[in-house]
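Residue numbers (our numbering), protein chains in the order written: chain S, 1 to 143; chain E, 1001 to 1114.
Quick caveat, the hints were computed from the structure, so don't treat them as lab data. Take the hints with a grain of salt, since some may be wrong.
[Stated by the list, open to error] Straight-line distance between alpha carbons at most 30 Å, and here's what the computed DSSO-like set of lysine-lysine pairs gives: (1) K119(S) / K1107(E); (2) K109(S) / K1063(E); (3) K55(S) / K1063(E); (4) K109(S) / K1048(E); (5) K1008(E) / K128(S); (6) K52(S) / K1063(E); (7) K1070(E) / K124(S); (8) K1063(E) / K128(S); (9) K124(S) / K1008(E); (10) K1063(E) / K1008(E); (11) K52(S) / K1048(E); (12) K1008(E) / K52(S); (13) K127(S) / K1063(E); (14) K1107(E) / K29(S); (15) K1026(E) / K57(S); (16) K52(S) / K1107(E); (17) K1070(E) / K101(S); (18) K1048(E) / K55(S); (19) K1048(E) / K128(S); (20) K124(S) / K1063(E); (21) K101(S) / K1026(E); (22) K1048(E) / K127(S); (23) K22(S) / K1008(E); (24) K1107(E) / K43(S); (25) K1048(E) / K101(S); (26) K55(S) / K1026(E).
[As the list claims (entries may be wrong)] Label-pair ranges, simulated between beta-carbon atoms: (27) P72(S) / T1096(E): 49 to 59 Å; (28) G20(S) / A1068(E): 28 to 38 Å; (29) A63(S) / P1036(E): 21 to 31 Å.
Please read all numbers here as calculations on a predicted model, not as lab measurements. A virtual CB, placed ideally from N, CA and C, is assigned to each residue, including glycine.
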Amino acid sequence: MARCEMKLPDEFMDKLSKLGDKFDSAAPKVLEAGGEVVLSQMKDNLRNVIGKNTKVKSRSTGALEKSLGITPALQDRKGEWNIRVGVGDSRDKKGVPDALKAQVLEYGKAGQPAKPWMKPARRKARKKAISRMEDVLKRELDL
Amino acid sequence: MTALAELKEMAGSLGLPSGTISFHGKAPSTYLVFTPLFDDLTLFADNKPQMETEEIRLSLFTKDNYLAWKRRLTDALLERDFIITERRFLGVDDETGYYHYSLDAAKEYVRLEE
């Protein structure tokens, strides 16, 4: 019977062993770095669409932009690290949920055209966020 | 052919009135609105892009059974080799009575030199 043996390079094995000790302390920093990139792109996109081409004069107060944020990086039951970027459960002065305003802008409604800003932000920030996260991971793990 | 042109043709074959960005005129009981989401040039060879990727959001507004339309639209998109990247029920508008359902569809085209 044919036999196949695969050996990983020593340098790579060293990196993997380093990862085991340091990963949990590095993971939140890595995710926060990626989250900052996505948040910045979301804010840019929101500024470009909010209050533009409206049927009546815009009454935008800036509350939606202020509600954008990043959660702390948390570990779930499976041990995976997660972070969320977006609109929280805040409400504006009139009691309107900011998430509702974000959804109507993104998807529109009958009689109101959609002005997508969240999905394009995710697309546009993806490469930059991954690159930023790689840099922070290398720095944290001394790679 | 572009994704938008193909989607308009698809809407016509399903008997669905449609509009791009917004729907003009008196809204019927069921209609579609197309919103371009993403447009990119990919797969470079000889310093030239060989493919175009387009992603478009289809917003379905209906006063009828939205589930039946969701199924018909999903089938029609898959038949035309679109990739459905998101499907989402957004609720019913109490003021107008329209159910709102959103489908995002993407397709790659070989780029033809103009």
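Hint check:
Our distance criterion of 30 Å between C-alpha atoms is met by K119(S) and K1107(E), whose separation comes to about 16 Å. Of the pairs offered as hints, the one joining K109(S) and K1063(E) holds, with about 13 Å between alpha carbons and a cut-off of 30 Å not exceeded. For the hint pairing K55(S) with K1063(E), the CA-to-CA distance comes to about 24 Å; that is within 30 Å, so the pair holds. At most 30 Å may separate the alpha-carbon atoms for a hinted pair to count; K109(S) and K1048(E) exceed this at roughly 39 Å.
A distance of roughly 34 Å separates the Cα atoms of K1008(E) and K128(S); the hinted pair therefore is violated under the 30 Å criterion. Distance restraint check for K52(S) and K1063(E): the Cα-Cα separation of roughly 29 Å lies within the 30 Å cut-off, and the hinted pair is therefore satisfied. For the hint linking K1070(E) to K124(S), the alpha-carbon distance of about 28 Å falls within 30 Å, and the restraint holds. For a cut-off of 30 Å, the pair hint linking K1063(E) to K128(S) is broken: about 42 Å separates their Cα positions.
Between the alpha carbons of K124(S) and K1008(E) the distance comes to roughly 26 Å, so the proposed pair stays at or under 30 Å and holds. At most 30 Å may separate the alpha-carbon atoms for a hinted pair to count; K1063(E) and K1008(E) meet this at roughly 21 Å. Distance check on the hinted pair: K52(S) and K1048(E) sit about 35 Å apart at the alpha-carbon level, beyond 30 Å; violated. Only pairs whose Cα atoms come within 30 Å are accepted, and K1008(E) paired with K52(S) is accepted, the gap being roughly 26 Å.
Proximity of K127(S) to K1063(E) is assessed by CA-CA distance (about 41 Å); at most 30 Å being required, the pair is judged violated. A C-alpha spacing of about 36 Å is found between K1107(E) and K29(S), which places the hinted pair above 30 Å, so the restraint is violated. Between K1026(E) and K57(S) the CA atoms are separated by roughly 24 Å; this keeps the pair inside 30 Å, and the hint holds. For a cut-off of 30 Å, the pair hint linking K52(S) to K1107(E) stands: about 29 Å separates their Cα positions.
Restraint check: the Cα-Cα separation between K1070(E) and K101(S) comes to about 25 Å, which is no more than 30 Å; the hinted pair holds. Using a Cα cut-off of 30 Å, the hinted pair K1048(E) and K55(S) is violated, with the two alpha carbons roughly 41 Å apart. A distance of roughly 23 Å separates the Cα atoms of K1048(E) and K128(S); the hinted pair therefore holds under the 30 Å criterion. Restraint check for K124(S) and K1063(E): the C-alpha separation of about 35 Å exceeds 30 Å, so the hint is violated.
Of the pairs offered as hints, the one joining K101(S) and K1026(E) holds, with about 25 Å between alpha carbons and a cut-off of 30 Å not exceeded. Straight-line distance between C-alpha atoms of K1048(E) and K127(S) comes to about 21 Å, which keeps the hinted pair within the 30 Å bound. Our distance criterion of 30 Å between C-alpha atoms is broken by K22(S) and K1008(E), whose separation comes to about 53 Å. With a C-alpha separation of about 28 Å, the suggested pairing of K1107(E) with K43(S) holds against the 30 Å cut-off.
Distance check on the hinted pair: K1048(E) and K101(S) sit about 41 Å apart at the alpha-carbon level, beyond 30 Å; violated. The suggested pairing of K55(S) with K1026(E) holds, with an alpha-carbon distance near 17 Å, which does not exceed 30 Å. Hint check: P72(S) to T1096(E), Cβ distance near 40 Å, so the stated range 49 to 59 Å is violated. About 53 Å separates the C-beta atoms of G20(S) and A1068(E), a value inconsistent with the hinted range of 28 to 38 Å.
Between A63(S) and P1036(E), the C-beta spacing of about 28 Å keeps the proposed range 21 to 31 Å intact.
The structure is inconsistent with the numbered hints 4, 5, 8, 11, 13, 14, 18, 20, 23, 25, 27 and 28, although it conforms to all the rest.
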